[in-house]
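Protein chains in written order, with the numbering used here: chain A, 273 to 743; chain B, 47 to 342.
It is worth saying that the hints were derived from the structure and are not from the lab.
Note that the structure is predicted; figures quoted are calculated from it, not measured.
Please note that a few of the clues may not be correct.
[Said to hold, decoys possible] Output of the computed footprint for chain A on chain B, the stretches with three or more beta carbons under 8 Å from beta carbons of chain A:
no., segment
1, 183 to 194
2, 256 to 263
3, 275 to 283
4, 295 to 309
[Said to hold, decoys possible] Derived CB-CB ranges, DEER-like:
no., chain 1, residue 1, chain 2, residue 2, range
5, A, A481, B, F87, 50 to 58 Å
6, A, D506, B, M94, 43 to 51 Å
7, A, S347, B, T140, 28 to 36 Å
From the three backbone atoms N, C-alpha and C, an ideal C-beta is built for every residue, glycine too.
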Amino acid sequence: MRHGSRARLSIALALLIASVGCAPGADRFPSSAATTPAPTSAAAVPTQAKPAAAPANPDAAAPKPASSAAAGRPSGEISYWAFGDAEELAIFEAVVEGYRRHNADVTVKLNIVPNQNEFMTKLSASFTAGAGPDVFLINYRRYGQYAEKNVLEPLEGRLAASSSLRKDQFFEIPLKAFTWNGTLQCIPQNQSSLVVYYNRDVFEKYGVALPRESWRWRDFLDTARALTKDTDGDGGIDLHGLAAEPTIIRAAPFIWQRGGRLVDDEEKPTRITMDDPKTKEALRFFVDLGATHRVSPNEAEYKAEGPDSRFMRGKAAMTLNSRRAVPELRTIKGFTWDVAAPPSDAESATTLHSDAYCLSAASGNKAAAWEFIEYAIGLEGQQITARLGRTVPSLKDVATSPAFLDPGQAPANSKLFLELAPKLKLLPILAEWPAIERFMNEEIEAAFFGTRSFDEAIETANRKSNEQLKR
Amino acid sequence: MRSASIPDRRSLDGFGLGTGAEAWRGAVVRAVAMACAAAIFILPLVWMFSASLRPPGLPPPIRFELWPPEPTLANYSAIFGLLPLGRYALNSLTVVTAAVPLTLLTASWAGFAMAQLPRRVRGPLVAVSVMSLLVPVMSLWLTRFLVFKWLGVLDSLLALIVPAALGSSPFYVLILYWAFTRIPAELFEAARVDGCGAVRIWWSIGLPLVRPALTAVGVLSFVYYWSSFVDPMLYLSDQANYTLPVALRTLQQLHPSRWSLLMAGCVVVTLPVLLVFGLAQRHFLQEHRGSGWLGR
């Protein structure tokens with residue numbers, strides 16, 4: 273008995289201690305990007321393959337793109353990560369396949385993560401462990417934390433040296449969005465803007481004037497009021513003038529239109545300025561659409577059915593969204609819809625939505641990775657991406673071509689997305705922005721649905737955001 | 047005043063019917079209660095199936111819809127077109143086929159070994175097991191990532207299977223430990239006297255007597271590995287290695303007007319779990335001989 277007990281104890285201990293690291297638990301990612309591990313600095317990260325010695329100015333020393341290098345074309349394998357749904361997957365695969373035809377010597381291992389929060393978690397964990405991708409696609413509101421940690425390979429020099437692309441072929445503002453400390457970090461794949469989607473039939477049915485190009489906040493509110501109706505006389509609202517997410521990305525255009533701002537200095541932000549008088553006026557107007565004027569679904573209605581779905585059912589006359597909504601709205605058969613510019617106030621402005629291809633500083637095959645990016649952001653790659661209709665190409669030539677402006681496809685006013693390009697404004701590019709955005713959204717939502725007073729909500733959002741910024 | 051339809055207890059008892067009628071009434075009440083409880087759990091499955099028949103592109107229904115207006119099976123073929131579901135299903139099957147038996151082997155070894163230890167040693171081990179259950183799983187993501195990278199199993203199905211070599215979870219070890227401790231020690235002692243070694247005693251005496259607990263661990267670990275989403279998401283980078291839960295999450299990102307595709311995916315992913323539970327439930331819920339799960 274005693275003879276075997278030592279061996280049994282050893283086995284039991286070994287298995288128990290080992291199994292600590294294997295406890296299945298809540299098999300979920302946190303819903304917030306704030307809980308994702310921050311990537312460690314590139315200097316501290318073990319690299320996948322030893323990169324060339326870091327030059328003092330990476331752009332100056334950036335090698336010429338391999339596609340045009342005398343040494344020949346790149347080969348080997350690269351990894352490309354992005355996030356997207358099942359339908360976007362086909363487009364990502366088509367771009368990879370297109371590149372394979374372009375250079376069969378490079379194998380691109382595509383990895384699509386379904387959700388953006390999960391994507392950020394995976395990206396952070398992978399970079400920290402030194403197993404990040406060679407190329408990845410990321411939104412401008414989220415790349416700050418990686419740029420800050422020098423995880424990204426600056427691409428300014430590579431774009432300047434490209435034989436197939438020039439910087440001036442791209443829309444200017446997305447390029448600005450991906451410029452960190454004066455250097456272009458990633459190359460924009462798309463740009464989009466917040467617009468007003470409206471149900472043309474409902475406007476005509478109730479004799480309400482269609483949105484004009486120069487409409488103002490007052491017109492917007494009057495229109496939403498005129499189209500908020502109890503159509504069956506049961507005392508409940510059956511048609512809402514507006515259905516919109518009460519979030520900062522939707523409210524931001526109103527702030528800029530009034531002349532307000534979200535940060536003290538757009539180039540080098542040191543403070544969140546939700547307490548700026550003009551910012552507060554604009555937020556008050558936005559929040560009052562729900563809390564006071566009640567032209568938007570209440571909290572229960574909003575939680576029961578999202579704005580897109582309500583608009584598609586013809587139960588909301590207008591909704592606010594980026595280009596992303598277009599493929600689904602194209603399935604509407606019951607009514608005609610179109611897009612209009614957001615209303616203006618002191619000035620016209622709208623929010624930029626944009627994703628870009630980034631190259632990892634630790635990539636072991638930068639030549640192939642850059643050649644793939646060059647293809648994906650080039651004419652052919654962007655034409656493939658434009659097929660889905662979900663994004664506005666970042667390359668001017670593609671955005672103005674039938675690949676995007678297909679006259680046979682809704683919305684009829686598709687060129688609006690291009691007309692708004694000069695009016696696009698950026699949300700702050702900050703490493704802490706994902707967490708700050710979450711604080712803002714929580715408070716704006718509470719005020720919009722009237723569960724918290726406006727002043728209290730704004731004060732809380734401002735305080736929490738600034739605390740986050742100072743960390 | 048007593049209703050005519052309610053029989054007099056004494057008169058029924060006098061004819062020896064009281065027990066039977068009460069038993070009948072009890073059975074009816076029990077059956078109705080069970081049916082209600084079952085309905086609560088079955089309803090989501092029924093709704094999942096009916097929603098999978100809804101044509102895509104329609105705004106989602108705003109009320110409970112038991113049957114869609116124009117039911118179609120097209121969603122089932124569509125999801126196989128959108129995603130390589132066959133490949134993902136094969137990967138999921140590979141993982142559970144390897145991980146579940148391995149879990150049973152290692153967790154039962156650990157549980158058996160713990161049960162054979164002197165009481166003063168067992169206590170701390172049980173405490174360590176319970177405490178390890180309290181470790182938040184997300185705090186392990188990065189460490190596991192590094193361990194898997196060091197082992198060279200990142201980006202392969204092995205990364206999903208490796209935890210099974212360690213019992214998968216302290217919980218499974220504890221279930222089997224408790225089941226083994228309920229077997230009289232004399233049985234093992236007698237086997238030892240007859241010359242059986244530890245492995246023989248574990249295999250021939252221990253395992254047959256903890257079969258319900260073993261089945262429970264088998265089912266639980268099957269469900270865990272079948273539905274594990276975070277592990278493939280984090281540790282795999284090659285699409286070709288993805289498993290079914292990733293496919294579901296990918297379908298979930300579709301616009302709500304296309305969630306009938308997600309529901310079709312849910313049906314495809316849920317069916318094998320129901321099948322396994324159906325096959326295992328006799329062991330899982332065994333009541334005779336007082337030997338249900340945990341060896342009651």
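Hints violated by the structure (numbers, ascending): 2 and 6
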